[in-house]
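These protein sequence lines are chains X and W, in that order. Under the numbering used here, the first residue of the first sequence is numbered 1, with each subsequent residue one higher. Under the numbering used here, the first residue of the second sequence is numbered 1, with each subsequent residue one higher.
Where hints are given, some of them may not hold.
As the list claims (entries may be wrong) - Restricting the straight-line Cα-Cα distance to at most 25 Å, the calculated cross-link-like pairs of lysine-lysine (DSS-like) are:
id, chain 1, residue 1, chain 2, residue 2
1, W, LYS137, W, LYS122
2, W, LYS122, W, LYS74
3, W, LYS97, W, LYS129
4, W, LYS131, X, LYS150
5, X, LYS2, W, LYS129
6, X, LYS2, W, LYS137
7, W, LYS74, X, LYS2
8, W, LYS122, W, LYS99
9, W, LYS212, W, LYS282
10, W, LYS18, X, LYS150
11, W, LYS131, X, LYS2
12, W, LYS99, X, LYS2
13, W, LYS16, X, LYS150
14, W, LYS18, W, LYS137
15, W, LYS131, W, LYS99
16, X, LYS2, W, LYS4
As the list claims (entries may be wrong) - Listed below are several chain W residues computed to face chain X (Cβ distance under 10 Å; list not exhaustive):
id, residue
17, GLY23
18, SER25
19, THR52
20, ALA53
21, ASN72
22, GLU73
23, GLY92
24, GLU93
25, ALA95
26, LYS99
27, TYR101
28, LEU147
Claimed, not checked - To list a few chain W residues with every Cβ distance to chain X over 12 Å, as calculated:
id, residue
29, ARG39
30, ALA49
31, HIS181
32, ALA238
33, PHE243
34, ALA277
Since the hints were made in silico from the structure, they are not lab data. Bear in mind the structure is a predicted one, so any value in this text is a computation, not a measurement. All C-beta atoms, glycine included, are put in the ideal place defined by N, C-alpha and C.
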Amino acid sequence: MKPTLYFCRQVLMYHLVMAAAVAADLLLVRIFGQDSIFFIYVNMFQYLFIMMHAIGTANICSLHAKLALGFGATRRQIVVGYTVVMVVSAFAATLLSVASAAATPLVLGPIAEDSMQALMGTAVADGSLWYMLIPMLGIGAVFGWVTILKNRRGWRSVLLIGMVMIAAIALWLVLPLVVLMMTADGDSDYLALLNIIRWVPLVSGLVLFAVFYALTVRALRRLAL
Amino acid sequence: MEQKALCANNVRKQYKEKLALDGVSVTLEPGHIYGLIGRNGAGKTTLLAALTAQIPVTSGEVAYGGEPVWENEKALADLCFSREIGARADSGEAALKVKDYLRMGRLFYPHWDEEYAQALIKQFGLDVKQKIGRLSKGMQSMLTIVLALASRAPVTLLDEPVAGLDVVAREDFYRLLLDDHMATGRTFVISTHILEEGAAIFERVLILKEGKLIEDTPTDDLLARFCAVSGPAAAVEAACEGFPVLHREALGSHASFVVRAPAADITARGQAVELNALSLQKVFVALCGHEQEGQA
Numbered sequence: 001m002k003p004t005l006y007f008c009r010q011v012l013m014y015h016l017v018m019a020a021a022v023a024a025d026l027l028l029v030r031i032f033g034q035d036s037i038f039f040i041y042v043n044m045f046q047y048l049f050i051m052m053h054a055i056g057t058a059n060i061c062s063l064h065a066k067l068a069l070g071f072g073a074t075r076r077q078i079v080v081g082y083t084v085v086m087v088v089s090a091f092a093a094t095l096l097s098v099a100s101a102a103a104t105p106l107v108l109g110p111i112a113e114d115s116m117q118a119l120m121g122t123a124v125a126d127g128s129l130w131y132m133l134i135p136m137l138g139i140g141a142v143f144g145w146v147t148i149l150k151n152r153r154g155w156r157s158v159l160l161i162g163m164v165m166i167a168a169i170a171l172w173l174v175l176p177l178v179v180l181m182m183t184a185d186g187d188s189d190y191l192a193l194l195n196i197i198r199w200v201p202l203v204s205g206l207v208l209f210a211v212f213y214a215l216t217v218r219a220l221r222r223l224a225l
Numbered sequence: 001m002e003q004k005a006l007c008a009n010n011v012r013k014q015y016k017e018k019l020a021l022d023g024v025s026v027t028l029e030p031g032h033i034y035g036l037i038g039r040n041g042a043g044k045t046t047l048l049a050a051l052t053a054q055i056p057v058t059s060g061e062v063a064y065g066g067e068p069v070w071e072n073e074k075a076l077a078d079l080c081f082s083r084e085i086g087a088r089a090d091s092g093e094a095a096l097k098v099k100d101y102l103r104m105g106r107l108f109y110p111h112w113d114e115e116y117a118q119a120l121i122k123q124f125g126l127d128v129k130q131k132i133g134r135l136s137k138g139m140q141s142m143l144t145i146v147l148a149l150a151s152r153a154p155v156t157l158l159d160e161p162v163a164g165l166d167v168v169a170r171e172d173f174y175r176l177l178l179d180d181h182m183a184t185g186r187t188f189v190i191s192t193h194i195l196e197e198g199a200a201i202f203e204r205v206l207i208l209k210e211g212k213l214i215e216d217t218p219t220d221d222l223l224a225r226f227c228a229v230s231g232p233a234a235a236v237e238a239a240c241e242g243f244p245v246l247h248r249e250a251l252g253s254h255a256s257f258v259v260r261a262p263a264a265d266i267t268a269r270g271q272a273v274e275l276n277a278l279s280l281q282k283v284f285v286a287l288c289g290h291e292q293e294g295q296a
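Isolated chain W, as found in the complex (with noise of 0.2 Å):
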């Protein structure tokens, strides 16, 4: 499987009074698992779209292997966009049944793995001859899934694939995504709100907000640059100024701020604190929180 980048480019999309995209720039390495993360209305979707031309962007550019790829036929075919279902009730998916659903990935998607398919929907338990509106949301869900591994595509985005699952369904899904990765190097765009168990596989996280790409970071770097900090408040006070404090909290004479900084920067201020690492959960409450509004 030929290995390319794509790239968004300084890329804005406005909706009439609404900036979905403001200036966002990325590039998405092969063979890599990125996690899209945002609050809602943040513009992951629109993103997502822009990056498969499924939306025309206001300026900027998309790139696949350095080709553009508005109307690029051979681009696209590498480009497989998993949407949720539930979102788009009006394009009247919900009409069709799963096996005509598969039938257009079937189609459509040239690196489709029938065989890979076929084992999915077992797995799932999916009737293919039920209607895709009288499925629930979960079993939406998995055909999104279905679709987005057994389309095999270089590229693959999702978009809240998750979304309805419990945990044990989520767990199965991140399972077959490292083991499709780890096979075929595929890469993986993951749109979700729900960072739990998406903290352990992504190796790089993308944070939008407001339309804007404020973190485009490895996992790991991005947890080791948040720390939260606790103890008494004037040694909390101390230890933490100078750093971006995100997430004060206080509670008699005790403190507790999520600062931006190293652990290690902390600790080299030799105050009597504690410091604990913070979940991709809370850093990502801290930046795009409103409580940190103002004070970052």
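Just chain X, same shape as in the assembly (with noise of 0.2 Å):
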């Protein structure tokens, strides 16, 4: 209990601050107007959570783990504190994603459609807030994995991991534009990539978690100082 408590309190002060910031964006923008040069970050919200989320599971990770197992905590305690906190972490990010785009409409009035605030607010009326929360995991995951492998092994296996997943991510993205090429007959095929498309952040969401969670886990119950 005492590493979640710990590690909660440290990841959860990154989205306060940031819920803070983003207030005070909203502010300054109703203040100076849209075409000001706060309005650029209103555009920015959800990555500025997305990040906010990366780098809290990182610091967890990475330097929080090994001060609560130099302070008598169990791997076991710290694995469990992780995965509680990784999940609340990307909660808290996607809530406050869909809250701040919720609220620019309230505090500026109506906002251009094409913005992510836009499309954000679309999407939460779609339900589809899924589609943010697994992708959150997934990034979380990945983070918190690559902030191990960089202790143990430095940035250049960093570097080596990272471009093979970009090679793979790239691939599965070109490919059923590449498979919808062969077969392009008219219209209906640009539905039928579109359909396969929306899928991608979720499946890949999923998958990284999967695959990122469990070597995390199997690092944290490994740890050594």
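Could you use the hints to bring the two separately framed chains together as a complex?
In structure tokens:
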């Protein structure tokens, strides 16, 4: 329980700071108008919350897990703490993204339909929350593992793994396009493509989460100072 | 406070090419102050880390009150391993503030004494808002001391607690340690290279050499087993004949030997030699220094 509490405090603090920053930015846009520089950040809210979640999870795996071990936590406690906090952080980041998307038009009035916030609002209305939460879990798991790898073997192995992952994801994204191009016969294929691509974040998020969560847990179980 | 013994039974730890611990067996009886000494790389930190389950051992077992320590929440709640901060630069402690580090102690150590921690912080003049990485080496040592003492853990292990401390601060530390020990009866294990002040405090001495525990003896008994013999070379040779000579020095017709024999046994030989007791530091050098290799 102790590592869970400790990890929670560390990670949720990131989200709170970011939520405060987002609120401040909305206020500044409200004061200075949508043509001010502060409006640029409105389209970045989602990425900022994703970033906070990724950094928070990475810090748990690299710094705080080791500190907790040094203070007498068991590896089992650390794994439980990491799991709970990763899921809580992914939920928090998703909910804060949704909340910021919902709050933006309320604070600023109508915003451009192609802005990220408007798209997020549509996704929420569609009930597509899972399409954000699952990739969020995947991103957290990847960042956690990458920091462990970096601490163990240095940045070179991280770069290598990163390149392999990018290649794999690129291939996966390109593959449906290639299949479609080979069988293309009109507008119906465009819709089919959209249907396939719609699943990419969900499936890739699940795959990334399953693989990298397992690797991270294995590493945390073997943690040593 | 319930008192239990912490035991290592035939513990081996292999790091790739290096055998850091080679079949170490030791029982840390409750209520004692142990001094753990050894040269750099002898395996002191590895032994302390193994005793507190911070590293997995290759073979052997560590038990506290008869229960294995590994992944044992109850046992680990009674143990505090206060490590040298500088040696853990990769773990990122340097980025934490003093108050955050102490907050972790409050959260993780069930016997934590906040009042005592605050008193020690005041005594050492630690700035709680300062980042650990910006503290001097001595101040970092003081922080590890605050953590170890305020943890009130029944078994507290300190790795190089006096590194970087001046002689006054070292004396302050040993006085605080003794006061605490007398008040609580906690077990302390102190790993150190600075033996002058420690020798008077350690009830037992554990000496590690190349991963092997070569001594686990009450300090007074250990010191009584060695003496320095000096005088005319022939008389010294005769007085020490048959005893393991750990160190030899010759100066003209005079000689000075460090010998593993009680002074009474040398006196019994009736030679005209001068006998001197050895300090713990001298005994340690005699046991672990290069010069005695192949002679003991």
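Status of each hint after checking the structure:
At roughly 18 Å between alpha-carbon atoms, LYS137/W and LYS122/W fall within 25 Å of each other, so this suggested pair holds. Proposed proximity of LYS122/W and LYS74/W is contradicted: the alpha carbons are some 32 Å apart, above 25 Å. Pair hint LYS97/W plus LYS129/W holds up; C-alpha atoms about 6 Å apart against a cutoff of 25 Å. This hinted pair checks out: LYS131/W and LYS150/X have alpha carbons roughly 24 Å apart, not beyond 25 Å.
For a cut-off of 25 Å, the pair hint linking LYS2/X to LYS129/W stands: about 23 Å separates their Cα positions. For the proposed pair LYS2/X and LYS137/W, the alpha carbon gap of about 29 Å is over 25 Å, so the pair is violated. In summary, the hint linking LYS74/W to LYS2/X is supported, as the alpha carbons are separated by about 13 Å, within the 25 Å threshold. Our distance criterion of 25 Å between C-alpha atoms is met by LYS122/W and LYS99/W, whose separation comes to about 13 Å.
Of the supplied pair hints, the one linking LYS212/W and LYS282/W holds, its CA atoms being roughly 20 Å apart against a limit of 25 Å. Taking the CA atoms of LYS18/W and LYS150/X, the gap is near 23 Å; set against the 25 Å cutoff, the hint holds. The straight-line distance between the Cα atoms of LYS131/W and LYS2/X is roughly 23 Å, inside the 25 Å bound, and the hint therefore holds. For the suggested pair LYS99/W and LYS2/X, the alpha carbons sit about 18 Å apart, so the restraint of at most 25 Å is met.
In summary, the hint linking LYS16/W to LYS150/X is supported, as the alpha carbons are separated by about 20 Å, within the 25 Å threshold. Straight-line distance between C-alpha atoms of LYS18/W and LYS137/W comes to about 29 Å, which puts the hinted pair past the 25 Å bound. Under the criterion of a C-alpha separation no larger than 25 Å, the hint pairing LYS131/W with LYS99/W is consistent with the structure, at around 9 Å. Pair hint LYS2/X plus LYS4/W holds up; C-alpha atoms about 24 Å apart against a cutoff of 25 Å.
With 10 Å as the threshold, the beta carbon of GLY23/W stays out of range of chain X, its nearest partner Cβ sitting at about 20 Å, so the hint is violated. A least Cβ separation of about 22 Å between SER25/W and chain X goes past the 10 Å threshold, and the interface hint is therefore violated. At about 7 Å, the closest approach between the beta carbon of THR52/W and any beta carbon in chain X falls short of 10 Å, and the interface hint on this residue holds. Annotation: interface hint on ALA53/W holds; nearest CB of chain X at approximately 8 Å, less than 10 Å.
Of the supplied interface hints, the one on ASN72/W holds, with its beta-carbon coming within about 7 Å of a beta-carbon of chain X, less than 10 Å. Taking 10 Å as the C-beta cut-off, the interface hint given for GLU73/W holds, the closest approach to chain X being about 5 Å. A distance limit of 10 Å between C-beta atoms decides the matter here; for GLY92/W the minimum to chain X is near 4 Å, and the interface restraint holds. Annotation: GLU93/W was flagged as interfacial toward chain X, and the flag holds, the nearest CB pair being 7 Å apart, inside 10 Å.
Interface hint at ALA95/W: satisfied, since its Cβ lies 7 Å from the closest Cβ of chain X, which is below the 10 Å cut-off. Using the Cβ-Cβ criterion of 10 Å, the hint placing LYS99/W at the interface with chain X is not satisfied: the shortest such distance is roughly 14 Å. Given the 10 Å rule on beta carbons, the hint for TYR101/W holds: about 9 Å separates it from the nearest Cβ of chain X. At a threshold of 10 Å, the smallest CB-CB gap from LEU147/W to chain X is about 9 Å, leaving the interface hint in force.
At roughly 22 Å from the closest C-beta of chain X, the C-beta of ARG39/W stays outside 12 Å, upholding its exclusion from the interface. For ALA49/W, the requirement that its beta carbon stay farther than 12 Å from each beta carbon of chain X is not met, with the minimum near 6 Å. For HIS181/W, the requirement that its beta carbon stay farther than 12 Å from each beta carbon of chain X is met, with the minimum near 21 Å. Interface exclusion of ALA238/W from chain X stands, the closest Cβ pair being 53 Å apart, more than 12 Å.
Residue-level check passed: PHE243/W sits 43 Å from the nearest beta carbon of chain X, beyond 12 Å. No beta-carbon of chain X comes within 12 Å of the beta-carbon of ALA277/W; the shortest separation is about 39 Å.
Hint compliance for this structure: hints 2, 6, 14, 17, 18, 26, 30 are broken, all remaining hints hold.
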